[in-house]
Amino acid sequence: MSNNSQNGKSGIFKDGGCNGKCLETLGNGVVKTNPIVYQVLGICSALAVTGRVETALVMGGALIFVLAMSNLMVSLLRSFMPRRIRMITEVAIIATFVILFDQFLKAFYWDMSKQLGPYVALIITNCIVMGRTEAFASQNPPFLSIIDGAANGIGYAIILALIAVVRELIGSGTILGHVVLSTKWYQPNLLFILAPGAFFTLGLLIWVINAVNPSRQTEDEK
Amino acid sequence: MNPTPILVIFIGSIFTNNILLASFLGMCSFLVCSNKIDTAVGLGSAVTFVMAFTTVINYLIYHYLLVPLHIEFLSYIIFIAVIAAFVQFVEMFVERFSPKLYYALGIFLPLITVNCAILGASLFMVIRKYNLIQSVFFGLGAGIGWALAISLLAGLREKMGYSNVPAPLRGPGIAMLVTGVIAMAFMGFAGMLSL
Chain S
1 MSNNSQNGKS GIFKDGGCNG KCLETLGNGV VKTNPIVYQV LGICSALAVT GRVETALVMG
61 GALIFVLAMS NLMVSLLRSF MPRRIRMITE VAIIATFVIL FDQFLKAFYW DMSKQLGPYV
121 ALIITNCIVM GRTEAFASQN PPFLSIIDGA ANGIGYAIIL ALIAVVRELI GSGTILGHVV
181 LSTKWYQPNL LFILAPGAFF TLGLLIWVIN AVNPSRQTED EK
Chain D
1 MNPTPILVIF IGSIFTNNIL LASFLGMCSF LVCSNKIDTA VGLGSAVTFV MAFTTVINYL
61 IYHYLLVPLH IEFLSYIIFI AVIAAFVQFV EMFVERFSPK LYYALGIFLP LITVNCAILG
121 ASLFMVIRKY NLIQSVFFGL GAGIGWALAI SLLAGLREKM GYSNVPAPLR GPGIAMLVTG
181 VIAMAFMGFA GMLSL
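First to last, the sequence lines map onto chains S and D.
By the count of the numbering used here, the first sequence reaches residue 222 at its end, each step adding exactly one.
By the count of the numbering used here, the second sequence reaches residue 195 at its end, each step adding exactly one.
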C-alpha cells in the first residue's frame, strides 16, 4: 500500500500507477477469480489445445500477450471511446494483436502454427479477453490494466498447462515429448487425447478445486 | 480444392466432426444457455441460421476480395466484422418484418456475435479449402450439429434437476462431465465417415 505515496509525485504514476493495488490485482487474476475455474470463461481453447503440453504453453503465452496489450490499448483509449461503439472498437483492438501474434507464429514457428490451427484466431472471440477489456481496462488506468491482463493470462495459462499435463501423461505417457510412462508396462489411454478426455479432465479439475475450496463456488449452480 | 463430396461434409459436420463436441467451439454459450430445452433450441436455430449465411458471405469475401488483393492476413478482422454486421442486419430485418420471430430469436442474436463457433466455421472453411457449394453445406451442417449438441445437453440437464449431484460438482462441473459422455457417444459415428 505504500508505493502510492512514494510514486505520487511523478505524473505518470499519479494517473497510471497502480495505487497499491498491483499485488491485489495480480492475485485476483491468477488465483481468486481465475477465469477458467471460477468464471468458466474461455474454455473452448482450454479444451482444444491441451492434448499436448507444448501447444498449451504456446496458447497460454499468446493469451498473456494479447490480453495485456489489448488491456493497455483499451485503457489508454478509454476516455476517447464513445460508449455506443465501444464493443466494436475493443474487438478491433483485440483482433489486431491476435493477427500480430499469428503472423509471428507463422513466420518463426510454422509447425506450431499448423498444430494450433484456427484456435489462435479464435482468441478474438475468447470471452476472457472481451470480459477483461470491458470490465476492467475500460475503467482503470493503463499500468494497472496491463497487470490485470497479464494476471488473467497467467491464471489461464496455468490451468491450461495443468490440463495438458494430465491429458498428455495419461493419453500418451509423455510430458513435452519426453517419455515418462514407458509403453513397455503402460498402456496409453487414447481417450484422454480425444475430445471426451478434455471434457472429463476439465470437469474433474473444477470438481477438485471446488471441493478443496467450497466458499468460492459460483452462485448460479443449479 | 477439397475433394470431399458434399453429402459427406454435411453429415460429417453434424455427427463425426461436430463443431462443439470434437472441435470445442461455442462452449461459453453452450454452458450458460443449456438449462432449458426451449432456450437451447432457440439459440441453436439462431446459430444455425447465422452460421450458414456468414460462412458463405465470408467465402465470397475471402476468395474474391482478400485473395486477389493479397491481404489474407486481415481475414480474422474482416470475418468478425462481417459476422457482427450480419447479426445486426438480421436483428433489424427480423424486428421489422416478423415481430413474432424477433421475440423468439431476438434475445439470442447479440450473443451470437461473440460465439466462437460462428467464427470457427469461417476459419475451418478457409483451412479446409472448401469451394462455394461445400461451404454452404459445411456452414449448415456445423450449425445443425451445434444446435443438436446444445439441445441434448439441455434435455439431460433438465432431467438432472431431480438428481442428487455432489455439491462441488454442481453447475459447470457436472455439465462438463455430461458433455464428455455425449462426446463419447458421438465418437461412435467416427467409423462411418470422416472429414
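Think of the hints as simulated: they come from the structure by calculation, not from any bench.
Among the hints, erroneous ones may be present.
Stated by the list, open to error - Partial selection, computed: residues in chain D whose CB lies under 10 Å from chain S:
hint : residue
1    : N2
2    : P5
3    : Y76
4    : I80
5    : P172
6    : I174
7    : G191
8    : L193
Each residue gets a CB set at the ideal place from its N, CA and C atoms; glycine is no exception.
Hints and how they fare:
1. Look at N2 (chain D): its Cβ only gets to about 15 Å from chain S, farther than 10 Å, so that hint breaks.
2. At a threshold of 10 Å, the smallest CB-CB gap from P5 (chain D) to chain S is about 23 Å, leaving the interface hint violated.
3. The beta carbon of Y76 (chain D) is positioned within 10 Å of a beta carbon in chain S (closest approach about 5 Å), and the interface hint is therefore held.
4. Nearest Cβ of chain S to the Cβ of I80 (chain D): about 6 Å, under the 10 Å cut. The hint holds.
5. At a threshold of 10 Å, the smallest CB-CB gap from P172 (chain D) to chain S is about 4 Å, leaving the interface hint in force.
6. With a cut of 10 Å, the hint placing I174 (chain D) at the interface with chain S holds, because the nearest CB-to-CB distance is about 7 Å.
7. Using the Cβ-Cβ criterion of 10 Å, the hint placing G191 (chain D) at the interface with chain S is not satisfied: the shortest such distance is roughly 14 Å.
8. The closest approach between the C-beta of L193 (chain D) and any C-beta of chain S is roughly 17 Å, which is over the 10 Å cut-off, so the hint fails.
In this structure, the earlier hints numbered 1, 2, 7, 8 are contradicted, and the remaining ones agree with it.
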